[in-house]
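Construct the entire structure; sequences and hints are all you get.
Protein sequence lines, in the order shown, are assigned to chains A and B.
Here the first sequence is numbered in our numbering, starting from 730 and rising by one per residue.
Here the second sequence is numbered in our numbering, starting from 730 and rising by one per residue.
Hints in this document: simulated from the structure, not taken from any laboratory.
Do not take every clue at face value.
Since the list gives no way to pick one copy over another, a pair counts as held whenever it fits inside one copy or between any two copies.
To be verified - Here are the simulated lysine to any residue pairs, SDA-like style, with alpha carbons at most 25 Å apart:
| # | residue 1 | residue 2 |
| --- | --- | --- |
| 1 | Lys-952 | Arg-941 |
| 2 | Lys-952 | Lys-1104 |
| 3 | Lys-1145 | Phe-950 |
| 4 | Lys-953 | Asp-970 |
| 5 | Lys-952 | Val-746 |
| 6 | Lys-1145 | Cys-1052 |
| 7 | Lys-1129 | Val-1054 |
All values derive from a computational prediction rather than experimental measurement.
Number of protein chains: 2
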Amino acid sequence: MELPTSDAPVSDIPLSVRARHTHDQPISYFMQQAVENPGLISLAAGLVDAESLPADEVRQAFDEILSRPRTAQAALQYGTTQGFHELREKVLAHAAALDSRAPADLSLTPGNVVITTGSQQLLYLLGEVLFDPGDIVITEAPSYFVYHGILASLGVRTMQVPMDDAGMNTNALEELLIHLEKTGELERVKLIYTVDYFQNPSGLTLSLPRRRHMMELARRFSKKHHLFILEDAAYRELRYDGADLPSIKSLDEGNRHVLLAMTFSKPLSPGLKIGYGLLPTELMAPLLRFKGSHDFGSCNLAQHLVHRLLDNGAYDRHVARLCDVYRAKRDALLETLAEEFPADTPGLRWTRPEGGLYVWLTMPVETGPDSAFLKAALREGVLYVPGQFCYVRGAGHYPKNEARLCYGVAPIEQLKEAVRRLGRAAVEVGAVPACGLAR
Amino acid sequence: MELPTSDAPVSDIPLSVRARHTHDQPISYFMQQAVENPGLISLAAGLVDAESLPADEVRQAFDEILSRPRTAQAALQYGTTQGFHELREKVLAHAAALDSRAPADLSLTPGNVVITTGSQQLLYLLGEVLFDPGDIVITEAPSYFVYHGILASLGVRTMQVPMDDAGMNTNALEELLIHLEKTGELERVKLIYTVDYFQNPSGLTLSLPRRRHMMELARRFSKKHHLFILEDAAYRELRYDGADLPSIKSLDEGNRHVLLAMTFSKPLSPGLKIGYGLLPTELMAPLLRFKGSHDFGSCNLAQHLVHRLLDNGAYDRHVARLCDVYRAKRDALLETLAEEFPADTPGLRWTRPEGGLYVWLTMPVETGPDSAFLKAALREGVLYVPGQFCYVRGAGHYPKNEARLCYGVAPIEQLKEAVRRLGRAAVEVGAVPACGLAR
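This is how it looks when you write it as C-alpha cells:
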C-alpha cells in the first residue's frame, strides 16, 4: 500500500463506523518492513512459483478466443453477475470429478455456482450474507490470518479449535459447540471455517474420520438455524504424495450445510483472480444481490480464459506439471531442514505436508516480530511469517514459538540457502546446538 | 441470475440483517422478462457496441506481454491491493491530461489512485468507507439506478435534485442543502453523486458554471465534516460533438472534496472490468483496507493489459474510432426519432446528447412496466428502460412518462427499426397522431 503524505487534518473526514473500526492487520506493517530489505530470501510471502506460471498456455488460449469474432465479443462484452455460464458448468463438473461424483449426486447445478474475484471475494460476500456483528465463527488454531481480518471488519467473533496431525480436533470442536449451547450462544454460531487440504498456515490436512465428524456436528448443531461449514479447498489440487481425500462438500447430502470455496489462483495463476463457490441453493439469491452491488460480475475476459484452459486440457496438464515443481521444492525445504536442524532438539519440530505451499515450524524459542530469533533471521537474510499472526488476538493464550515457511516463491537453491540461514539464526540465539547434523 | 429450484425450507437459513433487507431491484425482474422475448430489439440493456470491441488490439497486447518471461510473470503473479503501480501512473497522467493538467497541479500522485473491478466496485467501496445507515446522498433526478441499489443496501437515504439541459440544477441543490442545515440533517449528508458527462440515463451534461457552483457548495457546506462530490465520469471520453468540459475534480484545489470515478468499461471493453478512482489522500487508507478484505486487488492480468494498451497508443486510437461508431449510432437514433415522432406533439421531447450512450425520451403517455405504451412496444418488438426506475422510490412524486433509450448495443439498422417500432407503439396507444412525419 503506497500512500501519499499529507499535512491535511483528518478529523473532519466523515468515515463510516465500520471504516473507523477497521484497522491494518499487524502483519501488514511487518511485511512492509521486510520488502525493504534487498537480498532477503522470503519464506513469508504466500505467492506462487514464478517460473512455472502458464504464460504460453494463456497466450495460446487468448489467441484462440480473440481471433474469432463470436468468442472475442463474448469475452470483451459485459458478463453476468453470477459468472459465465459455460465456466460455471465446467468448474462444477471439475469439482465434482475431484470427488469422482457427478454434480447431480451432490444436488448441485450450475445455478449453485458463483464465479468470484478470487476465493477471497467469496469469503467476503459470504460474510456479508451471513454475519451480523457479534456472530461467531469457529476455525482452526492456527488458521488463515487474512480471513481473520475479514471477520474482524464485519464485527464477527472468531473462536479457534486446536489442530493436530489430522487437522482440526473435531472432539474439541464438539466440546466447544456443547459449551456454546449451554451458555446460550449456539445461535450466534453461523459457520465453521476450515482450510482442510494442506492448510495455510500449518500444511496439515483434515482426516477422513474428522471430515465425517465435522459434517455430523454441523447437522447435529443445526438447531434454531443452519450451521454451515465453509470448506476452503484452495490447495486441494496441489497434492504431491498420498491419496486424495473426499471433500466435506461430497459428504453434504442434499447440499445443505457446506459452502465450498475453490480458486484458480494457486493451481493456475493468481494474476487471473478467478475463484468460485459451490453453495446451498438458499444462499445464492442473497449472495448474488451483494455480488451485483459489488461489481455485477468478475472480470469476464479472465473467466473466458479459464473456461478455455479447462476445456482444452491445458489446465489439467498444467496442474500435473505444477505438482512436480512444488514436490521438488517441498522436498528441498524438508531435506535442508533435516540437515540444518538437529532432529532430537527438544521443542523443535515441523510438519511434512503432502501438498500445498506451507511447512509449519515449531521452535524451542520465540519467533515473534520482536524476538531474538526473527532479528537473527533478518540479519542472516531470511524472513518467515511469525506463527502468532495465525491466532486470533484476545482469545486467550496462543503459542509464540511457531513459524510459517512458504516454499511457493523461492527457487530450489534459494530455498536451501534460506533454510541454512534460518539454521544459522537458530544457532545464534541458542535454539539449536552449534554442532548441528550438517556441521 | 439463474437459480436452481429447491423444496428446502428457507426459514432456518441464518442470513444477516443486511442480507434480509437487500432486495432485487424491481428492474431485474422486468429485464429478465424481456430477455425471454426473442426478436426483440433492446434499447434497454446498457451494454456496448459489440462489433467495435478491440479484439485485435487485446490479442496483440497479450502476445507482447506473455511472450516475455518478465512481463508474463508480472501479469500472472499476484498484484497489489491498490493496483499495478505503472497502471496507476498511466491512468493518473491520462485523467489529468483530459483536463490539460499535470497530476501535481491537481495535488495528485499515484498514491491517490486505486484500480477497481469496474467503477462499480469503487462506488461500493466508497459506500463502505463513508456511509452509516441513515446517512444522506444527494444526486440528480433521474439518476443511475444501479447506484441507488448500492445505497439502499447500505441503508443510505438518497435525495434527488431536478435536472435540466445543463445537468443537475445546482440552485435547487443549494436550496436543499440550506433546508437540510435548518432541519439539522446537514451532518448526515456525506456525498453529492453526479454522472456529469452524458449522464446515464438522461444523456445530459453538467455545464461549466454549474460545475463551479457545485464545487463551491461542497466547500461551503463542509461544516462539521467534509462534504464530498463523487464525480462519476464513466462516459467522459465518449464525446461526439462539442468542446470537452473540465472535470469537477480539476476544480478541486488541493484534492479535498472530489472523488473521481473512471472506467475502461465504456471506452475500451466491459469484459476487462477495470475502473479506477482518484481520491483525496485521507480516504486512501480506509478504502484500501476494505479493498484488501474484498479481494486484495483486482484482476492483475487485465491491469497489465490496460497498461499496455495505454502505453502503446492503442487505447487512444480505439477511443477515436469508437467515437465515430457511436456518433453514427446516435445520429441514426435521433434522425429516426425525428422521422417517427412529430416534433410538435404536446408533451413529447427527447434529449440530444453530445456523447455517451443514452437518449432520454419524454412521452405524453405513461411508460411504466404496466403501461399500455410499454405493452404495445413489446408487441411491436422493442424494449426501453421505463424512466421511473431512475427515480428513488418513496421520495415523493416522480414522472412516469419517460424512457431511457440506449444506442450502445444494436447496430444502426436495428436502431432505426427499433425507433420505427416505438413509433408504431406510440400511434397504437394514441400518444402521437397516426399521420406522423414519416407516414
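Cross-check of the supplied hints:
1. With identical chains, the CA atoms of Lys-952 and Arg-941 are at most 25 Å apart within one copy only, with a shortest distance of 19 Å there and 60 Å across copies.
2. For the homomeric pair Lys-952 and Lys-1104, neither the shortest alpha-carbon distance inside one copy (50 Å) nor that between copies (48 Å) is at most 25 Å.
3. Within a single copy, Lys-1145 and Phe-950 get their C-alpha atoms no closer than 47 Å, and across copies no closer than 62 Å, so neither meets the 25 Å cut-off.
4. Taking the closest pair of Cα atoms, Lys-953 and Asp-970 never come within 25 Å of each other, the shortest separation being 42 Å inside a single copy and 62 Å across copies.
5. Taking identical chains as interchangeable, the C-alpha atoms of Lys-952 and Val-746 lie at most 25 Å apart only when they sit on different chains, with a minimum of 19 Å there against 33 Å within one chain.
6. Within a single copy, Lys-1145 and Cys-1052 get their C-alpha atoms as close as 19 Å, which meets the 25 Å cut-off; across copies the closest is 57 Å, which misses it.
7. Neither within a single protomer nor between protomers do Lys-1129 and Val-1054 lie at most 25 Å apart by alpha-carbon distance, with minima of 32 Å and 63 Å respectively.
In the structure shown, a violation is registered for the earlier hints numbered 2, 3, 4, 7, in ascending order.
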